[in-house]
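K.L.:
Chains as they are written, first to last, in the working numbering: chain A, 99 to 533; chain B, -4 to 361; chain C, 32 to 112.
Source of the hints: derived by calculation from the structure; they are not laboratory data. Given the structure is predicted, the values throughout are model-derived calculations rather than measurements. We put the CB at the ideal spot given by N, CA and C, even for glycine. Some hints could be false.
Cβ pair distances, simulated, as ranges [said to hold, decoys possible]: (1) Gly177(B) - Ala320(A): 55 to 61 Å; (2) Leu374(A) - Ala269(B): 49 to 55 Å; (3) Gly410(A) - Ala269(B): 30 to 36 Å; (4) Ser181(A) - Arg219(B): 38 to 44 Å; (5) Thr100(A) - Glu117(B): 57 to 63 Å; (6) Asn36(C) - Arg165(A): 51 to 57 Å; (7) Ala68(B) - Ala320(A): 38 to 44 Å; (8) Pro247(B) - Thr416(A): 54 to 60 Å; (9) Arg264(A) - Asn36(C): 25 to 31 Å.
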Amino acid sequence: MTEHYDVLVVGAGPAGLAAAQAAASHGARVGLVDAQARQGGQVWRHDAVHGTPRAASRAINASVGTRVPVTWLARHQVIAAQSQRLCAETPLGAVELSFGRLVIATGARELLLPFPGWTLPGVTGAGGLQALAKQGWPVRGKRVVVAGSGPLLWAAAASLRRHGARVLGIHEQASAAAMRAFALQLWRWPGRVAQALQLRAALHDVAHHCGSFVRRADGDAAVTSVQVTSGGTSMRVDCDLLAVGHGLVPNVALAGMLGCAMDRDGAHPVVQVDELLRTSVANIHAAGESCGIAGLSAARIEGRIAGHMAAGATAAATSLLRQRRHARRFGELLERHFALDPRLYALAEHDTIICRCEDVTLGALDGYTDARTARLATRCGMGACQGRVCGTALAQMGRFPRSDCRLPIFPARLATLADRASPPLPSRDSGDNHP
Amino acid sequence: MSRYDLIVAGAGIVGASCANEASIAGLRVAIVEPGPVGGGATACSMGHLVAMDDDPAELALARYSLRRWEAFAHLAEAEFSRCGTLWVARNDGEVAGIAARVARLNAAGGEAHAVDARTLYELEPALAAGLAGGMLVPAEAVVYPPRVAQHLVRCAQQRGARLHAGRSVRRLGRASVTLDDGSLLTGPVLLATGCALPRLLPQLPLRPRKGHLLITERYPGLLRHQVLELGYADSAHGDAASSVAFNVQPRPTGQLLVGSSREFDVEDPAVSPAMLQRMLRHAFRFMPALRQLQGLRAWTGLRPATPDGRPYLGAVPGHPDLWVAAGHEGLGVTTALGSARLLIDLLLGHAPAIDPAPYSPARVLA
Amino acid sequence: MNTVNLSINGHAVTVPATASVAAAIATTPAACFRRSVNGQPRAALCGMGVCFECRVRIDGNPHVRACMTPVGEGMQVHTDD
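Whenever a hint applies, use it, and build me the whole structure from the sequences.
P.N.:
So this is what it looks like as structure tokens:
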């Protein structure tokens, strides 16, 4: 079955919600697709205990109040894309979605860098543990070390405390000087200042270490302690959970499959867009983190711009350009002040697993200079995550860039790949009665 | 200028095998490969070691080659798995053809035998109900071709072969090649460039024949044999513009490799959703359990197809010191080792173990 | 708060209806969601459907991401060990 939408928005985070609302406000028939069961994306993820954040509720409710209400397509994992059509896998099977205009708002994932012990149960992403806690993962009374880089560490730590975790410390790899410089620039974004002050109040009794990182995790069946390096000294911290993330990486697989040109942001591709968020492919727009990491405000404004553009309302989109430029500058600030310490790229040892799907160690990758050759010889990146974790880490570590996007975009049931609607096929099987 | 006894262009499974054989014979070998070793059709292939019986010449080459593959049965890089090949019959008509196929394979040393429907389901309970019977070839196997190619090139290098990695042959000369960086290598030349053959040797007809494959997550124990439909040869050796055939293979990891499709005259290497769909729907009819499995990745490859389905192995008439080993279509992995030995025997003036005439490039130049 | 009853490795578990299967598993003593290809214990990592470390068997289907699956009444969940 094929469902058609004037505007199809992929990703129901802040950018996607704003895009859907903006497009629908002009009377467009809009479909909003997300692999998750609920709207909000990662930053506005519904909390099993504390509900949905107020700003998120407002954004979600707004899409219902548009001239033509937005059609919400939950648990639709987009697995293939071809010109004006997407194929999604749902719990009920394959769905084909065709569109006039597409808005890609696929957001970002966490950058997870390998270090000895990072595969132990109890070691998660920083945003990862926050997401799990919001899903109802019990953290009450658990001793948690939060480490890595970026403002997400604070947000994660605050979330974890709300769920009753004992946050033992926040270990930010950036230097104290970089953090001070970041704080001094923050006044340009008053919303950010308010948020930072709130987080600071919520975390006033949590130790915050700068220039500090976890160099290894130890334990048998699960993590029981970590080694933290700060300045020149190293110390052991006993803990139940380690939440460690090194910032965010744009999700560009769908855009790549559709043939959208990419720019580079450091080691990672970002979807190339013009000021009005048009990609290099006609009728396809992109908004938010998939175009480069810049945070919530930029995502919301870009979602609106892309939504207006997708509905053909160029004037409405153009009126937001100044706001967009301002919001995007926050991304530049993040990049400048949270630049990763190269020592983080050298934590993995010879026998540290890099590819978690196929258990490929760093040592097994010795001598390979490109992802494909390494994959053919070692299976690195051949597993279910399709290199999203190891390929991204290896690119960040400067080993080799990620290889091309693949079909399906996410693993999918064979039935989904076979059942998706498509034009009638020439069949040599028509006379068969077996089996 | 560098002088060699043999310059092998192409380090797929065929070129790598030839370079290895040549180095064993003591030749001073150069290997020219623009991409990763084993990174072309070799990397895209299923890696089955299987003899097809419908062409006596191809059967002879396959059997000769399969015996040579036994030397790799314990090589870690080969990931050799003796899963056997189970050919399934959909109806009594296909069952009726089994006896002759068994006889042909056994005459060539293939150890095949017919299985009735009950035995078929004992061997593979996941097969669809209603199949009529089959044929089992227990000794056949699957390997992981790109790593074998890499191993063979390494072996050749250890015997002194020189790998010109990242280089391609820009121009053929008289007993020489000019590489894309301008360097000149002299000596007899062997073209093992698969689908790229027509660029250097347009007089030998060769067409790319695109195929699709898909690999699943791990489902250990779901399938034990490589399973093909007996009608596979109709697809493999027919000349339909496009066709699909049921061919599923258990990898040593527990993953299933699902094929197959064949398309002539499709240049675009992208996965065609329609062809993938057609291939999978066909496979489901033989193995409905496939429907529920998670597919990790689909990809395509181009088989180098000659007009008669046989590879070109031998000297190129009218071109002194120019040799070819290409055009193996879908059996390049199975026949690589035998092809290499046959070719190097011809090159050295030794009598090959099997009759080389059916593979001679001269057959298309007459 | 609405709750859901499900079975994890044969043990009855009751969790909020808004929980994910990953969260439900974490309420049990099972630390390990799956065994890696070399037999190492693994559990949820990214929490957002990207890393595939939280794959479990749900109602007979293997390789399902627990973090992407809302709990359902009567669900049968199995982890590796």
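K.L.:
Each of the hints needs a verdict: does it hold here or not?
P.N.:
Status of each hint after checking the structure:
1. As the Cβ distance of Gly177(B) to Ala320(A) is approximately 59 Å, the hint placing it in 55 to 61 Å holds.
2. A beta carbon spacing of about 34 Å between Leu374(A) and Ala269(B) contradicts the range 49 to 55 Å that was offered as a hint.
3. Our hint of 30 to 36 Å for Gly410(A) and Ala269(B) holds, since their Cβ atoms are close to 32 Å apart.
4. Evaluation of the 38 to 44 Å hint for Ser181(A) and Arg219(B) yields a pass: the beta carbon distance comes to about 41 Å.
5. For the hinted restraint 57 to 63 Å between Thr100(A) and Glu117(B), the CB-CB distance of approximately 43 Å leaves it violated.
6. Distance hint for Asn36(C) and Arg165(A): a CB-CB separation of about 43 Å, inconsistent with the stated range 51 to 57 Å.
7. At roughly 41 Å, the beta carbons of Ala68(B) and Ala320(A) sit within the given window of 38 to 44 Å.
8. The supplied range of 54 to 60 Å is met by Pro247(B) and Thr416(A), whose beta-carbon atoms lie about 58 Å from each other.
9. Separated by about 30 Å at the C-beta atoms, Arg264(A) and Asn36(C) satisfy the suggested range of 25 to 31 Å.
When each numbered hint is compared with the structure, violations occur for hints 2, 5 and 6.
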